[in-house]
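Just so it is clear: in the sequence shown, position 25 is 25 by the numbering used here, and no numbers are missing.
Please keep in mind that the hints were generated in silico from the structure rather than gathered at the bench.
Owing to the predicted nature of the structure, the values given are computational and were not obtained by experimental measurement.
It is possible that some hints are incorrect.
The calculated label-pair distances, taken between Cβ atoms and stated as ranges, are [as the list claims (entries may be wrong)]: (1) Thr-90 with Ala-46: 37 to 45 Å; (2) Gly-43 with Lys-77: 18 to 26 Å; (3) Gly-57 with Leu-25: 37 to 45 Å; (4) Gly-140 with Ala-74: 34 to 42 Å; (5) Val-37 with Thr-79: 18 to 26 Å.
Here a beta-carbon is modelled for each residue, glycine too, at the ideal position from N, C-alpha and C.
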Amino acid sequence: MQYTSTTGSTTIYVYDITAGIPSVLEESTQAGTVYYVRAPGGGLIARVSGTDVKYYGFDDLGSTLFLTDSTGLATDKYTYDAWGNVTSRTGSTQQPYQYVGAMGYYTHYQDANLPLLQLGVRFYDPSIGRFTQVDPIGDGINWYAYCENNPLMRVDPRGLKLK
């Protein structure tokens, strides 16, 4: 798959369909190639760019809390509000797996003009706590609601069914 941002930069994605979910394994841009290391089943472990390796640390919902280098030093840290908005961030590593990123979905695109998160088959707008498309399987009472309006206890990483 290829994505061209509004600024004109192009990213090419290679997906691993054997993981059970479409998982990005490689991003190639004019700046170089980034590889994402995954466990069997698709769980995200690390980001590799040249000789730079960053390991992911997640919270109970599966959101990225920090990245560490090969010595275990935290290089990047993230905090979120209940709906998935990044409230603070330190570090400069460009990486797309933030809110519920452990689920393997490429949630944050590097395009400021696209403030939506891709959660599986639907896009989610954390500023309003809603999906932008109707639930394709009709699960729940409100087919646009995220996690039955309970994001502290539930996630819907595929945009289909609560966990």
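* What are the numbers of the hints that this structure violates, sorted from low to high? -> Of the numbered hints given earlier, those the structure breaks are 1 and 3, listed in rising order.
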